[in-house]
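Student: Sequence:
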Amino acid sequence: MSTRRPAAPMPEQIRHILRAQQHPARAVPCPHCGAAAHRPCIVRSRNRVLAQPHPQRTSAWAQTVACCPQCQVTPTVPCHENGRSRDTVHTRRYQEAEATAA
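Per the working numbering, the sequence shown starts with residue 508, numbered consecutively.
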């Protein structure tokens, strides 16, 4: 019987290159399905892996990394409209997040 040694930890530079092909929203946990950071979103009822992240995860990612030019809030602060907090972020914040990820 052979005993297998654990693999060496992967250097962060290599890990970043391998993850570059994934959607950048996978860097945050999914509030919809509960998928951990850097893991794909799933449909729990069918135990199926999704190719794209849930919209809630994309919204959480954009809120984490980008300022909103429309309502002038900093990263991690939710977007608001007329003093009321929104469930999703503004479209312009998505564009800012994608520009910073590129």
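Think of the hints as simulated: they come from the structure by calculation, not from any bench. Mixed in with the good hints, there may be bad ones.
Claimed, not checked - Computed beta-carbon distance windows for the label pairs:
id	residue 1	residue 2	range
1	Pro518	Glu588	16 to 24 Å
2	Gly541	Glu519	34 to 42 Å
3	His587	Pro516	37 to 45 Å
4	Ser552	Gln579	35 to 43 Å
5	Ala514	Asn589	13 to 21 Å
Here the structure is a predicted model, which is why all the values come from computation and not from measurement. Positions of the beta carbon are idealized from the N, C-alpha and C atoms, including for glycine.
Student: Does each hint fit the structure? Answer for all of them.
Tutor: Structure-based check of all given hints:
Taking the beta carbon of each, proline 518 and glutamate 588 are about 44 Å apart, not inside 16 to 24 Å as hinted. The supplied range of 34 to 42 Å is broken by glycine 541 and glutamate 519, whose beta-carbon atoms lie about 25 Å from each other. Taking the beta carbon of each, histidine 587 and proline 516 are about 41 Å apart, inside 37 to 45 Å as hinted. Against the hinted window of 35 to 43 Å, the Cβ-Cβ separation of serine 552 and glutamine 579 comes to about 40 Å, which satisfies the hint.
Evaluation of the 13 to 21 Å hint for alanine 514 and asparagine 589 yields a failure: the beta carbon distance comes to about 53 Å.
Hints 1, 2, 5 from the earlier list are contradicted by this structure; the remaining hints agree with it.
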